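Protein chains in written order, with UniProt numbering: chain X, 1 to 335; chain S, 1 to 335.
There's no promise every hint is true.
[Claimed, not checked] Which chain S residues face chain X? A few, computed with CB under 8 Å, are given here: (1) I89; (2) V94; (3) Y95; (4) P185.
[Said to hold, decoys possible] In silico DSS-like pairs for lysine-lysine, Cα to Cα no more than 25 Å straight-line: (5) X:K288 x X:K242; (6) X:K71 x S:K252; (7) X:K100 x S:K192; (8) X:K71 x S:K106; (9) S:K27 x X:K192; (10) X:K85 x X:K115; (11) S:K71 x X:K110; (12) X:K130 x S:K192; (13) X:K43 x X:K71.
Hints were generated in silico from the structure; no laboratory data involved.
Small disclaimer: the values here were computed from a predicted structure and weren't measured.
Even glycine gets a Cβ: it sits at the ideal position worked out from N, Cα and C.
2 protein chains.
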Amino acid sequence: MHIENILKDLKKDDNQAYLLTQFTNIKYISNYMPTSFAFCIIKENPIIYASSMDMEIAKRDSTIEIKQYDKFETMINDLKEDGIKNLAIEPSLVYSTYEKLRDDFKIESKKYIEKERMIKEPDEIRNIEKATEIAQTAFKQLDITSRSETEDVLAFDLVKLMIENGASGASFDTILVSGSDTSLPHAVPQPKELETPILIDWGAKYNGYCSDNTRTIVYTEKEHEIFDIVKESHDKAINAIKPGLKCCEIDKISRDIIEEYGYGDRFIHSTGHSLGLDIHETPGFSLKDDTVIEEGMVITVEPGIYLEGEFGVRLEDTIAVEKRGRIIGDLPLIL
Amino acid sequence: MHIENILKDLKKDDNQAYLLTQFTNIKYISNYMPTSFAFCIIKENPIIYASSMDMEIAKRDSTIEIKQYDKFETMINDLKEDGIKNLAIEPSLVYSTYEKLRDDFKIESKKYIEKERMIKEPDEIRNIEKATEIAQTAFKQLDITSRSETEDVLAFDLVKLMIENGASGASFDTILVSGSDTSLPHAVPQPKELETPILIDWGAKYNGYCSDNTRTIVYTEKEHEIFDIVKESHDKAINAIKPGLKCCEIDKISRDIIEEYGYGDRFIHSTGHSLGLDIHETPGFSLKDDTVIEEGMVITVEPGIYLEGEFGVRLEDTIAVEKRGRIIGDLPLIL
Chain X
1 MHIENILKDL KKDDNQAYLL TQFTNIKYIS NYMPTSFAFC IIKENPIIYA
51 SSMDMEIAKR DSTIEIKQYD KFETMINDLK EDGIKNLAIE PSLVYSTYEK
101 LRDDFKIESK KYIEKERMIK EPDEIRNIEK ATEIAQTAFK QLDITSRSET
151 EDVLAFDLVK LMIENGASGA SFDTILVSGS DTSLPHAVPQ PKELETPILI
201 DWGAKYNGYC SDNTRTIVYT EKEHEIFDIV KESHDKAINA IKPGLKCCEI
251 DKISRDIIEE YGYGDRFIHS TGHSLGLDIH ETPGFSLKDD TVIEEGMVIT
301 VEPGIYLEGE FGVRLEDTIA VEKRGRIIGD LPLIL
Chain S
1 MHIENILKDL KKDDNQAYLL TQFTNIKYIS NYMPTSFAFC IIKENPIIYA
51 SSMDMEIAKR DSTIEIKQYD KFETMINDLK EDGIKNLAIE PSLVYSTYEK
101 LRDDFKIESK KYIEKERMIK EPDEIRNIEK ATEIAQTAFK QLDITSRSET
151 EDVLAFDLVK LMIENGASGA SFDTILVSGS DTSLPHAVPQ PKELETPILI
201 DWGAKYNGYC SDNTRTIVYT EKEHEIFDIV KESHDKAINA IKPGLKCCEI
251 DKISRDIIEE YGYGDRFIHS TGHSLGLDIH ETPGFSLKDD TVIEEGMVIT
301 VEPGIYLEGE FGVRLEDTIA VEKRGRIIGD LPLIL
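When you get a sec, could you build the whole thing from the sequences and use the hints?
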């Protein structure tokens, strides 16, 4: 079905084929996840050129015909023999590959797959729900406030608990940091004992799909004050989500609240991003994203306030867009 | 020093600036490792445009001036005001960024940083040695043949042991597989009990630098027979390494031995790859790589034979090129 949609898009844009190299796009369209490299060509008769190393798993997993990659020229010749003149590519294609194609084809970059992936199918949502359930169960089992190990060991134990609960791994590098490091949105857990406050941004991977949550455990009066602002921003943004609005409107609702309290310049990232096979997908709740929200999208809401040298607070949930926004999982914000 | 070399390369090629977006290239040149995105411009006065989220760590870590990224047009205007007309880019730059540059600059893709990174400095080699020491210590502590857990749990425990020994994490997804899955060069550990033979391909990350080793534990007569061929290929390739030879000559020595025994078509990958900040760097011991071997390179030797549906054997060590090739670490091949 996805392939049919893409063939229609290709026809409409007068392209005869679409080259995919991004692993999760190839997995999405064929069920085969490359391990080193692969070239997937969507055309009337789609084909994947797989590395010799991957032939066994590619033949096992792929719903699309597999051919062993030999050399680039062979692939170009095959495409020419198929009468392909206008070739669509992904915006993420690396320049060196583009360079090898541009003399033989008219090239145009297109987000055909991203467009398909924006709207999740029921089984994709189930996988994200299951990943979230695993991640939140592991978090409860970790029982972080009762522990006295170092940040890096606790981060590691959280991943171990996710795997024991059925995850294939973490969906991104776990952020489990404390003290003033919480003011770094992408801080790395250190071999140092937990201070306060504690910020945990973590997720599980299940069946290839990601989850993503953030919680901050606060202690002092000032930390509680900042927490309450972030919570208000988080809650009101989620309550506002519905099909028909634009993504940037949700970002604005979240951002306005933080600005009202005078921390606008300390909310230094977007309000949220879609997720699925990748941890960051489009669309996102950002200032510049005017994509119209649709049922079936799955997007995070994660406002934060970062006080450099002091501390930071971020609260994140993953939202399934239905008639309204539905929070996936059941982990409270206040722990 | 690296920046001076690149400025010379730029001048020679009549380019006025070099745009870097690859995280490890930016880390190599500035000591700052981006967490989401960054644009580094090497020119007379080098500058890095960092994400608002990274400003705190970028200012802390970078040896190059940091400016907060605002929008793409600002950066283009800054470059134009600096009189930059010919802009060099990395071959790995994504097409969508190239597209935003091509109307304003004459673009040429160059591997200036890869050229620098090919030859490791003494402290880089020490980091790779330390990563290898950690990984091999963890492997011994795992004592795999005495264990009865499932593949995925054992793979996880190996990573945990590496972290306990001082690694910041694994240098790539650990391959710890058994039985017929050993015939897949990039197999994923499963929630199933260990069968035989057992293949482990693992590495640690220390100070940003990677290690990489593979061992295969064999049991049956046929497995031993294949092991001995791979071992001969591994040993002879390593013994042949010396500055002045071409990389492809080492691949040929390794491959010829496996071919002599009639398994040439079952050696389905290159003999080795360089490593450093990335797990796969150039040059590699491959059929097509005619780079001349130099002192200071660090390259793996990892021949393998893969019998589809039966089993596979791969043996891998990391080699520091000095007057001859020196194996990093001291883990025996026969376990």
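Hint by hint, here is what the structure shows:
The restraint placing S:I89 at the interface with chain X holds, with a minimum CB-CB distance near 6 Å, inside the 8 Å limit. Taking 8 Å as the C-beta contact cut-off toward chain X, the hint placing S:V94 at the interface holds, the least distance being around 5 Å. Annotation: interface hint on S:Y95 holds; nearest CB of chain X at approximately 5 Å, less than 8 Å. Residue-level restraint check for S:P185 holds (minimum Cβ-Cβ distance to chain X is 4 Å; threshold 8 Å).
Between X:K288 and X:K242 the alpha-carbon distance is near 18 Å, which keeps this suggested pair within the 25 Å criterion. Using a Cα cut-off of 25 Å, the hinted pair X:K71 and S:K252 holds, with the two alpha carbons roughly 19 Å apart. Between the alpha carbons of X:K100 and S:K192 the distance comes to roughly 43 Å, so the proposed pair goes past 25 Å and is violated. For the given pair, X:K71 sits about 29 Å from S:K106 by alpha-carbon distance, which is inconsistent with the 25 Å threshold.
The hinted pair formed by S:K27 and X:K192 meets the criterion: a straight-line CA distance of about 24 Å does not exceed 25 Å. Taking the CA atoms of X:K85 and X:K115, the gap is near 23 Å; set against the 25 Å cutoff, the hint holds. At most 25 Å may separate the alpha-carbon atoms for a hinted pair to count; S:K71 and X:K110 meet this at roughly 22 Å. Taking the CA atoms of X:K130 and S:K192, the gap is about 21 Å. The hint holds against a cut of 25 Å.
A distance of roughly 20 Å separates the Cα atoms of X:K43 and X:K71; the hinted pair therefore holds under the 25 Å criterion.
The structure fails to meet hints 7 and 8 from the earlier list, while all remaining hints are met.
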